[in-house]
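Protein chains in written order, with our numbering: chain A, 1 to 499; chain B, 500 to 709.
Ranges of calculated distance between the beta carbons of each label pair, as one might list FRET restraints:
(1) A:4 to B:568: 37 to 43 Å
(2) A:35 to B:588: 47 to 53 Å
(3) A:40 to B:669: 27 to 33 Å
(4) A:6 to B:673: 14 to 20 Å
(5) A:39 to B:561: 46 to 52 Å
Worth flagging that the hints you see were computed from the coordinates, not collected in a lab.
Yeah, the Cβ is synthetic: ideal placement off N, Cα and C, and Gly gets one too.
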Amino acid sequence: MAMTHEQIDEQMVDFLYGELPADARAAFEAHVAGCERCRREVESFGQVRAVARTVLDDTPPARAHDAILRAVREAAAAASAKEVAKGAREAARKVEPARASLGDWLRGKWAFPALATVGALSVFILGSRLFLNPNTVHQLGRPAPVSEPAASTPVPERRMDSTGALRAVEQAAPAALPAPAELPASDEAPARTAHVRRRFAAEAKTAQSDGARSGAAPFGHGGAARPGAASLKDDPLDGVIGSGAGAREKSSKRDDLLEGIGGPPRDKAPAAGGTGYAEPPPPATEKPQANADFASGGGGKSKKKSIRAFEDLESDVDSVRAKEEAAPAESRAGKGRAYAQPPPPAAAPAPRYAEPTPSKAAAAESDSYAADDSAELAKAAPRPAAKPQSRVSRGSGAAPAAAAPPPVPASAPVAASRARPRAEEAESGSVAEEQSVHETLGQRAERLFTQGRWAEAAIAYRDLLRQQPNSPDAERWRRRLAAARAAVATGRPPPPSSR
Amino acid sequence: MQGDETDEDLMSAYQAGDMKAFERLVARHEKPVWMFLRRFTRDAAAAEDLLQEVFLRVVKSAGEWKRTAKFSTWVYAIARNLCIDQSRRAVHRQASSLDGPVKAGADSTETLHDRVPAAQSGADQQLSDRQAAARIDAAIAGLPDDQREVFLMREVMEMSFAEIAAVVGAAEPTVKSRMRYALGKLREALTDLRDVTAERAGVAESAGSG
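In isolation and in its complexed conformation, chain B is listed as follows:
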């Protein structure tokens, strides 16, 4: 495979006119960029448009890229800036969509509660995982933008806190603090789920014994 080439090698090759090199760069980074866009915008359609836009930007700005710059950081910075521009353009739309995922998560939770038999332990575990995913999904969507972007950059793009700090223009301790807040909120979501699950389990137990 050609996987031993660094992003920077590929980008340099593309700068020299190697379109294949660029395709490989897209293949490497489209997923994290997509994940970031998808979660940051909370809008799959917008994320898809933005994904295309990000790589078009890369093409247009290829001349400005210097080999000393880390390609992934450069691309993610482009993605993040596009997201911010897009969210500024559609503040109201985003505000309305902000509640969507949360409601959807709640709805799905309700549906799961209604549909899945609570007494089955195997099903409980499945329920717990699905519920946890749904809760985390909703919790991520409900994070403030500054915390969400830090969390996504860290988890999805695997950027170091220093790189994140550089991209978002904040001090590294600040970035870590935001990360800590984000993790805490996600954990709360899971704690609530755990309590609900425990409650359900208790109800099932008493019903079984009764």
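Chain A with its partners taken away, still in its complex shape:
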């Protein structure tokens, strides 16, 4: 086969080192045999290889061989020793690395997550303190209660006071509202309070069946069937709600809290309550008077009796209330009468009821109607089921902010039907006077609206609409209710057009 020189050069290395296949080798040799140039190439490389072999042929130093074997034996011995020590070393490794890496582990791997968690928790706690605190919320977004600090303040404190922390109450009295965290806790309380209230109401009704006729009428709508005692009892709470800075949540919370206040007394009730609840009848006869015109008439007497009646049950709450009452300088005049209210909550609103006396009628108008409002809001109180009640009161409280409040008429009949058996006459009497109340309620709503007390105005308009859904003014009321709610929600006054 004719091979080119280039092909020979390519296969030269393989040929020199014997890696050419037999046929290729034969062809290669055939070419070389006939080609002087390629033959010299092969010879020259062979010569180079021969010289290189002689150069490379070298024997390691004799000591090297011994050194190798010695080193290998030592290594083997060390290895066997290591095998023995291996277990111990690995055991140590298991412990030591763990110990040594503990710091690194904490530092490196978990430091950031831990810090991040702590930071997130701090932010959460701070945030909830800042933004969920009703104090802050109301101060920021809503007009603070001006005339009812006393009424609003005692609420949360009373709950605490049931444990006897009077001083804390005093200090906290100026402070505004219950912390939100406390609200959920009162879930149970409302039930108990409702129970107490119902009992109060029942007792009062039975006791005052006569007097209730005349007195209960003005507050008839919600508690129409309710005797005066019942409405009075609720009024304090309502007064707080209705005029208490108009904070929806506040009112609902306060509702709950007020009901929660009832808890402790109720616990005592079974023991001492027998007489305590039995006594309200006398006050009841006077309460109607107080309700009728909020005159001072019933004040002194009812106070004595009611205090006597509930002293045993709520000595702690009473004392707390006394302190709270003393705190707000405002409207101390009615204090005496305030104590006339059988249920503890009655204390606060009482001054308000006293103010409407003929002499002060004009000045006290708003307050009295605030009480009116609150009476409505608290309508739910006398209802049979505790849970529904709290829900309703809360719902109505929150109404201005969100969805339409649960229709009161639905709950009113319940109360009415419940109360009817005993308070039929009272109800019939109250119907006649309802209208006047509603008219003044309308005026009050107008006034509140013009004064920019949006939350209160919203409640007033809502109540108006509930009471007189078919009034010729209903449409205007609805507009104003919406505007007031919007103002409450946004914190800005409604546009003039909606006024």
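Assemble the complex: chain A is given as a structure, and chain B must be docked to it using the hints.
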């Protein structure tokens, strides 16, 4: 003799705890490994240390060796890797030592030229062989690393080009190409020597006739 046992048999025996088998493996391979180390490092002292290290590595890694692997290739790969590690550690030292052998070869050549009478033909042949060895020695030392390792593996360790390719991590044609370059450079060294010798012979002839 026990020479009929393969490297792999001996290695297996050593793995089973036969230290004698390992000694025989050392006896078989210490020379090519030494030759490779000696020429690759161009440093006898370093080569001696590395020689010991290679077999220590063999002992330490004996558990990893599989009978399917050719023992010699495995050992030479260890040697080659150790050399590369060592040369990386001492780049500068090697750079300076790179010139040493070349100079030494030149010096020896000079010495030979000066010392050996050029006119004696028998002495000429001796001179030629010594000079050739010195030139090849210097030329090998002067080969690039990739060519030198291929040349040494092929000539000293008698590895096939395929085995070399596997050890150095290059394609077999690449290995053959490097081998061809290495042989060409060595041949040039001998050609220069041949020319010098011929020149000397010519000078001696003219002097004799003159």
